[in-house]
Amino acid sequence: MPRSRTLKLGAIAAAAGVFSGLFGVGGGTVMVPLFILWLGYEEREAAGTSLAAIVIIAGAAVIVQLIYGNVHVGDGLLVGVPAVGGVVAGTWLQQRVPRRKLQILFALLLLASAVKLVIG
Amino acid sequence: MSLGAIAIGFVAGAIAGMFGVGGGVVFVPGLVILLGLDQVDAEATSLLAIVPVAIVGAYRQSGYGNLRLREGLLVGALAVPFAALGVVIVNAIPERAIELGFAALIVYVAIGLLRSDAPRE
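Just so you know, the sequences run in chain order A and B.
Taking my numbering, I'd label the letters of the first sequence as residues -17 to 102.
Taking my numbering, I'd label the letters of the second sequence as residues 954 to 1074.
Chain A extracted, bound-state conformation:
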């Protein structure tokens, strides 16, 4: 692998890692656009590859959070395991529902959550 490519992968890793640890997310928000812009990935490749990285990144971050005693293990499993079924359902639904309307609904839900987080 050329040195410049390895350096770009390292920079993406550094940004995604800090982002994941800070915000409790996988870091795809950071990785996917950088894979596309810097490494010439196609959109689907970027998303697929970011998932493999996320397994390791979220796995590492959660171990450190476990050491701090912040992880509600029962809740995490109760959320994470049904989510796997949700992903399968979502992929199936994608072909069968008005995607754009749901997208707008989801965006509004996120904005409402942001307001709720800010005002407490």
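If you're looking for bench data, these hints aren't it; they were derived computationally from the structure.
Idealized CB from N, CA, C, for every residue including glycine.
Residues of chain A clear of chain B, computed beta-carbon distances all greater than 10 Å:
{"hint": "1", "residue": "P(-16)"}
{"hint": "2", "residue": "R(-15)"}
{"hint": "3", "residue": "S(-14)"}
{"hint": "4", "residue": "L19"}
Okay, the calculated bits of chain B under chain A, using three or more residues with CB under 8 Å as the criterion:
{"hint": "5", "segment": "1025 to 1037"}
{"hint": "6", "segment": "1043 to 1054"}
Given chain A's structure and the hints, the job is docking chain B onto it.
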């Protein structure tokens, strides 16, 4: 409480599957607003919930030929110390700052969804 958690998980997963966004942007606010966790605990718990979703997602994507495994694993491995650093920072700074930062993140994701047909987390 358990039913609430299961509902958050299923809905978050469905959204992730439909829009290609990760689970974290739904897990964290769901855990804060519906289950009453504080911000840092919600983030920590979200990280645990993300792992099975990402494992299954990566497996499925590899089936479609969308996974560059070597580079994905390399990025993951290189990210480990930085993820640890992020967790150390989040446990050291005021929780209010994290709440505001996270709110900014989900506003950014929401704007991406409104503007684009190919959103991503």
